[in-house]
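J.: The residues making up each chain are set out below.
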Amino acid sequence: MRSIWRHRLFWPVVALLTLIAVNSIARPNFIKLRVRDGELFGAIITILRDSAPLMLVALGMTIVIATRGIDLSVGAIMAVSGAVALTIIDGSDDPGNLATVLIAVVVAILVSMVLGVWNGFLVSVLGIQPIIATLVLMLAGRGVALLITGGFITTVNSEPFSYIATGYLFVLPFAFFISVAAITVIGLVERRTALGVLTEAVGINPEASRLAGVRSRGIIWGAYIVSGTLAGLAGILYASNIRAADANAAGVFIELYAILAVVLGGTSLNGGKFSIAGTVIGVLIIQTLDSTILFLGVPSAQSPVFFAVVVVVVVVVQSPRIRNALGRMSRSRKPKAAVAAAVVEDKQKAEVGR
Amino acid sequence: MTAMATRTESRESGPSFLQTFVSRHGSMMPTFAAVAILLVLFVGAEIFLRGDFITPRNISALLLDNAYLLVLAVGMTFVILTGGIDLSVGSVMAFSGILGAKLLAEGVPAFVAVPAMLLGGAAIGLMIGILVQYFNVQPFIASLAGLFLGRGLAYVVSLSSIKVEEPGILWLQSTRIRLGDWYITPTGLIALGAVAVAAFVLHLTRFGRTIYAIGGSEQSARLMGLKVARAKVMAYVISGLCGGLAGLVLTAYSGAGYPRNGIGTELDAIAAVVIGGTILTGGRGYVIGSMIGVFVYGTIKTIISFMGAEQSWMQIIVGALLLLFIVVQRAIVARSEGRR
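From first to last, the protein sequence lines stand for chains A and B. Read in order, the letters of the first sequence are residues 1 to 354 in our numbering. Read in order, the letters of the second sequence are residues 1001 to 1340 in our numbering.
By construction, these hints were calculated from the structure, which means they are not laboratory data. A few of these clues could be false.
[Claimed, not checked] Simulated pairs of lysine to any residue, SDA-like, Cα-Cα distance not exceeding 20 angstroms:
#	chain 1	residue 1	chain 2	residue 2
1	B	K1301	B	L1324
2	A	K32	A	F170
3	B	K1301	B	L1038
4	A	K273	A	P206
5	B	K1301	A	N248
6	B	K1102	A	P299
7	A	K273	A	G187
8	B	K1301	A	G151
9	B	K1301	B	W1313
10	B	K1227	B	G1283
11	B	K1301	B	G1044
12	B	K1102	A	A301
13	B	K1301	A	G150
14	A	K32	A	G150
15	B	K1301	A	L147
Using the sequences plus the hints, can you model the full thing?
T.: Structure follows, in structure tokens:
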């Protein structure tokens, strides 16, 4: 029993279940699923569908944060990706053609990948602080997106393109399959190969891992490329959902929500150990909370207050001070476990101090 | 790269006064670079825009248009000098602006409304500081909470913009203290005053030295017996206070409070501070440099609007400039560490 309690995903899962329970009691429609024309509808389906862009961005962010970095440019990359895709589709003779849409999507994702390569170059080769290195693209990227669309909001009417975000495959939204595919691929690559362990090694101590023969440069660089590529895909989803490329609004604040999702999922911003499952739960918590706030009738503009409260509660609960206090409480009862906990705490303290 | 830079430099200047100066005042170099860029921008604009750029009107407008950013950059300098970062300033500015506008619209006198604006900003700063210092939250995340809180509270106060009719506030903007063709508004004086006070505090008080010491090495500062906790929390409170003050300046400037004000302004402020030569790992930098950084930012903006180019170039150029400065700083830090 205690092993469940001690599991690091315990609290995120509890938070998510609580949110779902509260919602289900407050509005019974929340858990109801309706079938219409062989397609499922309902609040939960909407959450799964709408969470796809954030899910993609947060997965990339998890890998970057695991290497002790941070990627602030994801929102700007989303804007660029959407702008590239829609400009190609808009410029073609036949916007409804599947081939056109495929080319547009592939080009947009390649451009995003190049932007990721750029971020990775600044961080891993030039050794610039990740916050600042990605801040450059965060500032400049939106300008680039505006230049691509010529300062306008490019809109298209393309059936295959809008299918990406709003279409259904079998009974579930297509966007949901995209996020499941991304989770699966990232999960398999990071957890079924040595890459995940190497990434954590780089994040825990870059110098030691280098001495141990880990090619940290390639791993860090790769993390930013993955993050850029996933952000590009998220940008396509966003643009497809509104059928337009809005360089000013696409992905605004998504870097902050993605970081919040990663932190909620129990991955420390100090790098090292990361949890893909935690991030998935973190994203679902954020999206469910967003849906709850909307349901409560709070204007969506005011929802940041709720997120601020969530951030504060989460970081305070996770902070060493509170953990020490909890540790002291349990120490008086179970001396043996407390010693182990104290060792862990000291390690964390050393890490924070570093 | 570092070795190359050293070599070229020694060839050019030799064992001269310049070299001694450079090695003694290495931490000032980025700020000098910012001054040089500002001059290059001025001269370049003067030449390419057919000689009607450097006019008293334009230069005066530079301070007027960027007064709010200057105030934010001053607060940000304190936080960055301690090695932290404050993402909340843009939304704190929006919150304080809309709060002030609302209070004034409901008939609260200005001498109550203005302190309320400043206190509102300082309170959010205090929250961030306590999270950072006492709960070991990373500055990035703690100020992120401040960003969300400020923005959300701004919308709680009002969802739409509120016009300000109070003559006392509008006076701050409409008064022009003239000297020939030059002019300065009370908002400009507030901004310059903030720079002067900050420079005094940072260089001539114990608190200021503590801020630098924390940025240099927090551990050492603590072992030296400096009041690290208090100074660190105060840095965030000052940044929040500056956010509130910027809200006042911006409200006077635009004649209204608007909850969507200042989205992304925190990045402009950080960019200005970095361009001004403050190093993001903390411990080195000058508030005067931040002022130069704001002027560089403002000049680029003016040049772009003079040329009639799209504003999207603004973001690209500021991004590129930021990158340039970071690489330069990186080289300087690497060099001074190599010498040690």
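J.: Please list, smallest to largest, the hint numbers that this structure does not respect.
T.: 14
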